[in-house]
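Colleague: In case you want the letters, here they are:
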Amino acid sequence: MQRILVGFIIALLIGGFLGVLLGISKLADETLGSLVIALQSVPSIVWLPIALILFQGSPLAILFVVVLGATWPMTMNMRMGMKNVQPILLRAAKTMGYSGGELVWKVMIPAAIPNLLTGARLAWAFGWRALMAAELIGRGGLGRTLMDARDFFNMDLVVAIMVIIAAIGLIFEYFIFSKIERRVLSRWGLNTN
Amino acid sequence: MSHVKINHVEKTFPGSKNTEPFTVFKDIDLQVAPGEFVSLLGPSGCGKSTLLNIVAGLDKATAGTVQVKEKTIQSPGPDRGVVFQEAALMPWMSVRENVEFALRKQHGKAESREKAEYYLKLVHLSKFMKSYPHELSGGMKQRVSIARALSMDPEVLLMDEPFGALDEQTRTMLHKEVQYIWEETNKTILFVTHNIRESILLSDRIVLMGTRPGGIRTIFDVDLPRPRDPASQGFADLEKDIMNVLEKEIEKVMREEMGDDFRNKKAGLLYSSNRNMGDHI
Ligand SMILES: Nc1ncnc2c1ncn2[C@@H]1O[C@H](COP(=O)(O)OP(=O)(O)OP(=O)(O)O)[C@@H](O)[C@H]1O
Ligand SMILES: [Mg+2]
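For the record, the sequence lines run as chains A and B. Position one of the first sequence corresponds to residue 1 (the working numbering), numbered consecutively onward. Position one of the second sequence corresponds to residue 1001 (the working numbering), numbered consecutively onward.
The shape of chain A in the complex, shown without the other chains:
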C-alpha cells in the first residue's frame, strides 16, 4: 500500500515535470518525446528483472517498476495539456506584463489541470497494475499473499484477495479521482451536461 502511494507520488512529480518540459520545449519534445513514447509501449513489468538486479532484490525494485508504469501516462497527458492551452489566454496574460516562467506557472499549468488529472488517474491505474504484477513475481504485499494462497490451494483466500485488489483499485479510480475530476471540470467550465 505504501509502495503504490510513494510510487504514485514519485511518478506524478517526474511525469508532471517531464510533461511540462515536453509541452513547452520543442527541442525536448523532439528528442525526449519519442523516447517517452517508446518507453510507454513497454509494459512496466518487463523492467522487473532489470530492477531486481539493479536493486539486488530489495523492495525498491517493485517501487521502481511502479514508478515506471505510472510515469509515462502522466507525462503524455501533462504534455497534451500544456500543448492545448488556448493561445489567446497566453496573449492576454502577456498584455498584462506576464512573461517566461510566469506564463508557464500561472497560465499554462493551471490551464492544463484537467489533463493533469486524467494523467494522474491513468498513472494510478497503471501503477496499481504494475504493483500487483510485480508483487506476484517479486516478494511482498498483496501479490505475495495471493501467490502464497495459491501455493496452499486456498481458493477462498485467492478469491478474497482478488476482490480486495479490485476494490482498492475501484475505490481510488471511481471515488477519489472521479470526484476530484468532476469538481475541477465544472470549475474549469468543461462540463458537457
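Any given hint could turn out to be false.
To be verified - Quick partial rundown of chain A residues pointing at chain B, CB under 7 Å, derived from the structure:
1) K83
2) I88
3) L89
4) A92
5) T95
6) M96
7) G97
8) P110
9) A125
10) R144
11) W188
In short, the hints are calculated from the structure, not lab data. Beta carbons are placed, not taken as given, at the ideal position from N, Cα and C, and that holds for glycine.
Place chain B with the ligands on chain A using the hints.
Modeller: Chain B with the ligands alone, transformed into the frame defined by chain A:
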C-alpha cells in the same frame, strides 16, 4: 502632442516553401491624441488586427515604430490594455480573480482587490464577482474583459472587434457601456470594427483601411454631437460616405479572391452597413 504614434509601420509575413512573402500593409502613419476614440475600419484581411497587435506588442512590425506616450514599443505591457474578440478569461479564476490577475503584476494584494472591485462596479458586474466565466453570458464576459484591461490603468485601450461575436441587443447595450466608460475614464481608445454604424456611434475619427496594397485610405472626422443618433441626417450622410469608399475596397477584395466569377458591379448590395462584412466574404 499625441499619445499613440504609429510611424511608417510595415508588416510583411515571411513566405515559406509554398508561399510568397506577403506584405499586409506598409507606411502606416497614424497619431492618436490623448483621450481620443479612434476606430479602424476596413474589409476583412486588410490588417486591422495585425496593426492593433503591433501596437499591443504581441506582433512585431517589419519596419517602422510605434510610440505610446513617447515610449517606443518593444513588447506587450500593462500600459496598453487589450480586449480581444473572445473575452480570453482564465476559466479557473472567478471574475474578481481574473481582474486581480491583471493587477497583481503591479500592485499588492489588498490594492488589487480594491481596484478589481472598483472596475467591476464600473462595468456593472458587482453582483457577479464570485462567478466563474462559464457561468456568464457572452456580453458579461466581454465586460469582465473590459474591466480587466481598464483596471491596469493603461495609457491606451486597444479593442479588436470586442463585440463582433455578440448579438444585436447585447451589442447595443455594450455600446452604451463603452461610451459611459470612455467618458468616465478619459481613456484613449483604438477600436477595430467591421461595423460602420458602430464606428460612427463611438468614434472621434474613423480610419478606413484598404487592401492590396494595404494601408490607410481615408480618415473621417466624426463631428456629430454625442450621444449620437443613428436616425439623424448627419449620421446617415457619413454612413453613406464611408460606404462608398468601403464598397470599392470590398469589391477589390472580392475580385481578387473570386477571380472572374465576380461580376457583380454593386458589391454594396450584398452588405447592409450594419452587418459584419467579413461574414459574407
Ligand atoms: N501568421 C500569418 N502568416 C501569414 N499571413 C498572415 C498571418 N497572420 C495574418 N496574415 C495575413 O495578414 C492579413 C491581415 O490579417 P488581419 O487578421 O490583420 O486582418 P483583419 O483586418 O483583422 O481581418 P478581419 O477583419 O477578418 O479580422 C490577412 O490577409 C492574413 O491572411
Ligand atoms: Mg481581425
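Colleague: Hints first: check each against the structure and report whether it holds.
Modeller: Status of each hint after checking the structure:
Interface restraint check: K83/A against chain B, minimum CB-CB distance 17 Å, threshold 7 Å, status violated. Here the hint on I88/A is kept, as its CB sits about 4 Å from the closest CB of chain B, short of 7 Å. With a least beta-carbon distance of about 6 Å to chain B, the hint placing L89/A at the interface is held under the 7 Å criterion. At about 4 Å, the closest approach between the beta carbon of A92/A and any beta carbon in chain B falls short of 7 Å, and the interface hint on this residue holds.
A cut of 7 Å between beta carbons decides the hint on T95/A: the least distance to chain B is about 4 Å, and the hint holds. For the restraint placing M96/A at the interface with chain B, the shortest Cβ-Cβ distance is roughly 4 Å, inside the 7 Å limit, so the hint holds. Given the 7 Å rule on beta carbons, the hint for G97/A holds: about 4 Å separates it from the nearest Cβ of chain B. Hint on P110/A holds. Least Cβ distance to chain B is approximately 5 Å, under the 7 Å limit.
Hint status for A125/A: violated, given a least beta-carbon distance of 25 Å to chain B, over 7 Å. Residue-level restraint check for R144/A is violated (minimum Cβ-Cβ distance to chain B is 43 Å; threshold 7 Å). For the restraint placing W188/A at the interface with chain B, the shortest Cβ-Cβ distance is roughly 5 Å, inside the 7 Å limit, so the hint holds.
This entry does not satisfy hints 1, 9, 10, going by the numbered hints stated previously.
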